[in-house]
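Peer 1: Sequence:
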Amino acid sequence: MSVEDEFLSVLTDGIVHQGILLGETWESLCQRKYKPPPSGITLVITTRKKDLTDAEVQLAAQLYQEGLKDNSELDLDDVMQHVLDQREVKQSKWDYTRAQKLQSFFTRLSKPVLVRIKRKTLPEAQAKPFGQGKAQTEEMSALQFATYFGEYHVVQALLPFEPQHATQAFLDACREGYAQIAQYLLESTTADLDIHCISHGFLLATEHEHLQVLKKIQAVQQTRLDTLCHGSAFSGFQLGQRYIAVAVEIALLKANSDILRWLVELNLMFDHEWNHCIQYGLRLACGIGKSHIYIPVLLLLLEVLAPKVASVALGSTTPHDMKPDDIERFKAIKANLLYDFYSNHLQNGTID
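Be aware that the sequence shown starts at 653, since it is given in my numbering, and climbs by one per residue.
Bear in mind the hints are in silico, worked out from the structure with no lab data behind them.
With a Cα cut of at most 30 Å, we get these calculated DSS-like pairs of lysine-lysine: (1) Lys-763 / Lys-687; (2) Lys-685 / Lys-867; (3) Lys-685 / Lys-753; (4) Lys-742 / Lys-867; (5) Lys-867 / Lys-745; (6) Lys-742 / Lys-687; (7) Lys-745 / Lys-763; (8) Lys-906 / Lys-867; (9) Lys-763 / Lys-685; (10) Lys-770 / Lys-742; (11) Lys-770 / Lys-687; (12) Lys-770 / Lys-745; (13) Lys-942 / Lys-867; (14) Lys-742 / Lys-685; (15) Lys-687 / Lys-906; (16) Lys-753 / Lys-742; (17) Lys-770 / Lys-753; (18) Lys-772 / Lys-687; (19) Lys-687 / Lys-753; (20) Lys-685 / Lys-772; (21) Lys-687 / Lys-867; (22) Lys-721 / Lys-742; (23) Lys-906 / Lys-942; (24) Lys-687 / Lys-745; (25) Lys-753 / Lys-763; (26) Lys-770 / Lys-685; (27) Lys-685 / Lys-745.
Quantities reported herein were computed from a predicted structural model and do not represent experimental measurements.
Between the sequences and the hints, there should be enough to build the whole structure, so can you do that?
Peer 2: Written out as structure tokens, the structure is:
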């Protein structure tokens, strides 16, 4: 086995030959390999098949059989939850051990190497973490691989060896919701992330609803959400907007009130951006069957920019004798009335 293949085998916990992971597809690897939840999320057992790996199921079964000797009323779900709770601690220790092993290869590797993993052909529209459309083989850097699986200690070890992949790793950390990794890359002088990469990561974290990542990004000095969107990831009207305004629109579309409220409290928006976002929210709220989703977040915006309008909307009630099928129409009409009221007063400069 070459040095490169040995290095990649340690990285993937698998067998690699000529840079290709053997005996596994990307999909089966994701089923086998532990991937921690996004920062701020706590896992609770729902089903054994979904939440535990095969090895963890075997461990839980062993603990359950041993526990029955002392407690005949022992609940298997409680045992599985215990195994799940211990997973993060054990995985962190294992990641630290692997990080040390990987560091021992750096003096023998002449350059960073990529790992290639076969994958099943996927529909064009299906989101993939690394691929560019349909592909039979996924190719990624070691740093990107470790980031996707939330391996903080491994990322720390790999960054000095392949800093050229730091930008993509940061974007992946934002997308996957790993705040600790995102913060490490932000604060590292080795990563050297530019303001547009940081802001792009901010939008990815907003799109995937990772508030903990957003807070880490906003906390660093080099974050500039007041700049215009720039780069191949953006097109059309987004290129004429600032990152903060696009983030608010994304939070509106996701109907995520926690993120939207946090973004609003940053107080970085201009008046014309507020106007555009409220009109966007109104269009969302007027959609058939969508008003119950978007009116609450629309009112959250109005509470900040137009509290009188919001108070009128919040004070209105739905008639008790209204049929369920008509409630959505009523909410849509209310949203349209809000739009007319808001637009007229905004143009006259008399709102609130």
